[in-house]
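Please model the entire structure based on the sequences and the hints provided.
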Amino acid sequence: MDIAIVGGGPVGASLAVALEGSGLSVAVLEARSTLEAPDPRALALSQGTRLILERLGAWAKLADKATPIETIHVSQRGGLGRAELTAADAGVPALGYVAEYGDLYAALATRLVDCGATVLTGARVTGVHTTSGYGAVNFQRDGADHLLTARLVVLSEGGKSLPADLRRDKDYGQSALVCAVATERPHDRRAYERFTPEGPIALLPLGGDYALVWTTPNDRVEARLALSDADFLARLQAAFGDRQGRFLATGPRSAFPLKLSLAASSGSPRCLRIGNAAHVLHPVAGQGFNLGVRDAWKLAEAILDTPREHLGEADLARHYSQARRFDVVGGSLMTDILVESFSNDHFLMKHARGAALAVLDLAPPIKNLFARKMMFGAQAW
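Just so you know, the sequence shown maps onto residues 1 to 381 in our numbering.
Please keep in mind that the hints were generated in silico from the structure rather than gathered at the bench. There may be inaccurate statements among the hints.
Within a straight-line C-alpha distance of at most 16 Å, the following computed EDC-like cross-link-like pairs (lysine to aspartate or glutamate) qualify [stated by the list, open to error]:
no., residue 1, residue 2
1, K259, E340
2, K259, D336
3, K259, E198
4, K65, D103
5, K65, E54
What you are looking at is a predicted structure, and each value in this text was computed from that prediction instead of being measured.
Okay, structure coming up:
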């Protein structure tokens, strides 16, 4: 093969679809046994991601199921200062969208099947190695061992598999508690980012309700998951406040640990990393998945600019790494600063944050630049 993509999730599928019509032979190895994957988890999609999905021919299949975000309200608990970002001020139809993972995956999976790539479901990758002439992927499928070679191997998922000496990790000591919640007032396409001493609380409009992402210290998350619905909603009300009226109901709750994990490099000439294989970010500001989609798009551009016989050579790896460095470093630094600065409850920090939010709200050029950073990453500048 010319290209072997390990991981057929949304990021890997985006890369494969972006290479449609290139004349390159592309294989996608997906561990799941089927591309049908109902999954109610909420994903925040930036306006930039929507534009990429449109170019991939996937947005039309998702548009009716995605909820637009027209306003983002940012505030801190127990302190002055607030800021509102609006789509109208930014000159875009929406600042972003919220969709269920399963709906996004279904839209991309349909395009993946149609784009001409060879899709190997039920393929459990057991090893990847490279030589000067090719990359090789060992995998098990249907009870047998297989080997696939390609000019270029792309790892699109599986950050946990990256050796510790090849990544930089930061454990926040927090987990994201996620569920659907219903509120007394309609969401009117408004999202919230509410910073508290424990960590941020995000409410993302999805359908008629909200998707909740409640950052919780690890030593409290199990107890919070075990609360009755009434007690859980009471705790949430106390932490978030009354801007949406009362919290009326909650769906099933789950949690996952939060960390910052960055690969020390984008890979070697024959094996490149994108998406979760390259970086895992805190969910504050909703940057992680959108960063991965931009990885896929930029790598596709680099591949299409490279003659087939030079795929997997150092120039391609260097070109891709340089194209992505500013966006990846900027996105990870922004989320880390937000987490650390807004989790400090010292009164001086609280007043400084309040002043910063007030300045952001009262300075349209700064506010719109921040909004564009969230929508388009490094291209905002």
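Practice item. Verify the proposed pairing of K259 with D336, using a straight-line Cα cut of 16 Å. Key: holds (10 Å)
Review point. Within 16 Å, alpha carbon to alpha carbon, are K259 and E198?
Key: holds (15 Å)
Check your understanding: Regarding the pair K65 and E54, is the alpha-carbon distance no greater than 16 Å?
Key -> Roughly 15 Å separates the two Cα atoms, so the pair holds.
Check your understanding: When you check the alpha-carbon spacing of K65 and D103, does it fall within 16 Å?
Key -> holds (7 Å)
Review point. Within a Cα-Cα threshold of 16 Å, do K259 and E340 meet the stated pairing?
Key: At roughly 12 Å apart (the allowed maximum being 16 Å), E340 and K259 satisfy the hint.
Figure legend: structure checked against the earlier numbered hints; every hint is met.
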